[in-house]
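Below are the chains, spelled out letter by letter.
2 protein chains.
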Amino acid sequence: MKALKIPEATVTRLSVYSRFLKQLDKKGVTTVSSGEIAEGVGVSPAQVRKDLAYFGEFGTRGVGYNVKDLIRYTVKILGLTEEWDMVLVGAGNMGSALVTYREFKDRGFNIMAVFDNDLTKIGKTIADLEVMPLDKMPEVVKEKNVRLGMIAVPSKAAQEVADKFAESGIQGILNFAPTTLNVPEGVEVRNVDLSVKLEILTFNLTIKNQSL
Amino acid sequence: MKALKIPEATVTRLSVYSRFLKQLDKKGVTTVSSGEIAEGVGVSPAQVRKDLAYFGEFGTRGVGYNVKDLIRYTVKILGLTEEWDMVLVGAGNMGSALVTYREFKDRGFNIMAVFDNDLTKIGKTIADLEVMPLDKMPEVVKEKNVRLGMIAVPSKAAQEVADKFAESGIQGILNFAPTTLNVPEGVEVRNVDLSVKLEILTFNLTIKNQSL
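Residue numbers (my numbering), protein chains in the order written: chain Y, 1 to 212; chain V, 1 to 212.
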C-alpha cells in the first residue's frame, strides 16, 4: 500500500464525502451520482470522480454509486472500521468542548481519558471522565495501546505534552495549541489552528474590498 | 488587487509565518532567514521563499528578512491591521471554548456578542458576555457593521444560522458544525471539521501499518 501516495486534500474530501454519504443513507437514499455528492459537499463533480478514481472503478455509468458500498469503502480507506481510542491533555474550555463533541463518537473516536496538571482541574469530571494527573498518561497510553492523542493546553505547554506523547507511544497528535510542534519520526501531527481559518476569511474580505 | 490570485495554502502558511514571526519579535530577534522560518514552522525553505515571493522581493540575500517588516507585511496582507469584530451563535461547550480562546484576541479578533436560542442558556454570561436570544443577532450585526460570524451549534441547526447570517450582512462564516453550508454569493464559509483532521491521522496510521 506504500506506493499509493494519496494527496492529503483527497483524504480530507473522502472524509467529507463519507459523512455526507452517511446522511444520505440515514434518509434511505440507496444510489448517488458524483454530481449529487459534489453538490452536497460543495466541490465539482469532476473532483468527486477524480478523488474516487484513486481507488479504482466502482460507480456504474448512468446509475451512479451504491451509497452503502461507498460508505463501507470510504470508512475502510480512512481506517475507521474499528473504534479509535484517544487520550486528551488539557481539561480547560477547549478540552471540555472536545470531550462533548458529538461528531467524534459518530465517527468512531472515543476519548477514553483526560489529563491535566492543574490541581484545580484534577479529580473533576467532564461528561463522566475524571480528569487525571498528566503523570498518569504514559501508563494509560501503554496499557490500553492508545495511538491517538489530542493537545488542548496553552501554547507554551504544548511541546512538553507532545514529547510525553511521543515517548509513551502515541503515533498521531491532533494539536489545538496555536504553535508548531517538533515530534520524532513516526509521529504525525495535525494542527487545528482556529485563527488561521479566520485569517483566510479576513484575507479574502480585505482583497475583495480593495478591488471594489 | 483582484488579479493577484494567491492559493489558499499560501495564505494559510502566511498566517502561520506571521504568528511565528511575532514570537521571534517578542524574543528580541530582528533578522530571520527563510531557513529559520522554515524550521520554525515545519515547511521547506524553498516553500517559504516561494510564498513570500508572491508579494515581491523583500529579503536581503545573505542577511535575511527584517522581522518587524515581515510582521507588518504579513499582518497587512491578511487584513489584520484593524481589529475584527465577530459574533458567535451557539453558547454550548464549543461556543464557550471559542469565547475564551486566547489566540483570537492576540490576532485582533474580538467576539463581541454571543447568541443562542436555548432558553436555558440565554441570559447566562461567558467571560463577561451575556448570551442573547438569536433573534437579536441581525440587529447587532447591522448596527455594529459586523462582517464575521462563527457557528457552533449542532449540525441540524447550522444552515438556519448561516441563512440568518447572510441576511444580516455577515460576509465571512467560520463553521464548527460538521455539515456543509449553502450560502449566497458574496459570503465565504470555512469549516473547522475536527473529525476530518482526525481521519487524516487514522488514514496515515492505517496505511503505515498495512505496509509493514
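Since the hints were derived computationally from the structure, they do not count as laboratory data.
Just so you know, these numbers come straight off a predicted model, no measurement behind them.
Any given hint might turn out to be false.
Identical chains blur together in the list; that is why a pair holds if it fits in one copy or across any two.
As a list, the in silico BS3-like pairs of lysine-lysine whose alpha-carbon atoms are at most 25 angstroms apart [said to hold, decoys possible]: (1) Lys105 <-> Lys208; (2) Lys22 <-> Lys68; (3) Lys50 <-> Lys5; (4) Lys121 <-> Lys26; (5) Lys26 <-> Lys68; (6) Lys121 <-> Lys50; (7) Lys156 <-> Lys197; (8) Lys144 <-> Lys197; (9) Lys164 <-> Lys124; (10) Lys27 <-> Lys121; (11) Lys142 <-> Lys197; (12) Lys208 <-> Lys164; (13) Lys144 <-> Lys22; (14) Lys68 <-> Lys142; (15) Lys208 <-> Lys142; (16) Lys22 <-> Lys124.
A quick look at each hint next to the structure:
Only between protomers do Lys105 and Lys208 lie at most 25 angstroms apart by alpha-carbon distance; the minimum there is 24 angstroms, versus 39 angstroms within a single protomer. For the identical chains of this complex, Lys22 and Lys68 are intra-copy neighbours only, at 8 angstroms inside a copy versus 49 angstroms across copies, given an alpha-carbon limit of 25 angstroms. In this assembly of identical chains, Lys50 and Lys5 lie within 25 angstroms of each other by CA distance both inside one copy and across copies; the values are 14 angstroms within and 24 angstroms between. Taking identical chains as interchangeable, the C-alpha atoms of Lys121 and Lys26 are never at most 25 angstroms apart, the minima being 39 angstroms within one chain and 30 angstroms between chains.
Taking the shortest Cα distances, Lys26 and Lys68 sit within 25 angstroms of each other inside one copy (10 angstroms), while across copies they are farther apart (54 angstroms). For the identical chains of this complex, Lys121 and Lys50 are neighbours neither inside a copy (48 angstroms) nor across copies (45 angstroms), given an alpha-carbon limit of 25 angstroms. Taking the closest pair of Cα atoms, Lys156 and Lys197 come within 25 angstroms of each other both inside a single copy (21 angstroms) and across two copies (22 angstroms). Proximity of Lys144 and Lys197 under a CA criterion of 25 angstroms is satisfied inter-copy only: 23 angstroms between copies versus 34 angstroms inside one chain copy.
For the homomeric pair Lys164 and Lys124, the shortest alpha-carbon distance inside one copy (22 angstroms) is at most 25 angstroms, but the shortest distance between copies (38 angstroms) is not. For a Cα distance limit of 25 angstroms, the shortest separation of Lys27 from Lys121 qualifies neither inside one copy, at 42 angstroms, nor across copies, at 31 angstroms. Taking the shortest alpha-carbon separations for Lys142 and Lys197, only the inter-copy value of 24 angstroms comes in at or below 25 angstroms, while the best intra-copy value is 34 angstroms. Within a single copy, Lys208 and Lys164 get their C-alpha atoms only as close as 44 angstroms, which misses the 25 angstroms cut-off; across copies the closest is 22 angstroms, which meets it.
In this assembly of identical chains, Lys144 and Lys22 lie within 25 angstroms of each other by CA distance neither inside one copy nor across copies; the values are 29 angstroms within and 40 angstroms between. Within a single copy, Lys68 and Lys142 get their C-alpha atoms no closer than 36 angstroms, and across copies no closer than 45 angstroms, so neither meets the 25 angstroms cut-off. With identical chains, the CA atoms of Lys208 and Lys142 are at most 25 angstroms apart between copies only, with a shortest distance of 20 angstroms across copies and 51 angstroms within one. Proximity of Lys22 and Lys124 under a CA criterion of 25 angstroms is satisfied in neither setting, with 35 angstroms inside one chain copy and 36 angstroms between copies.
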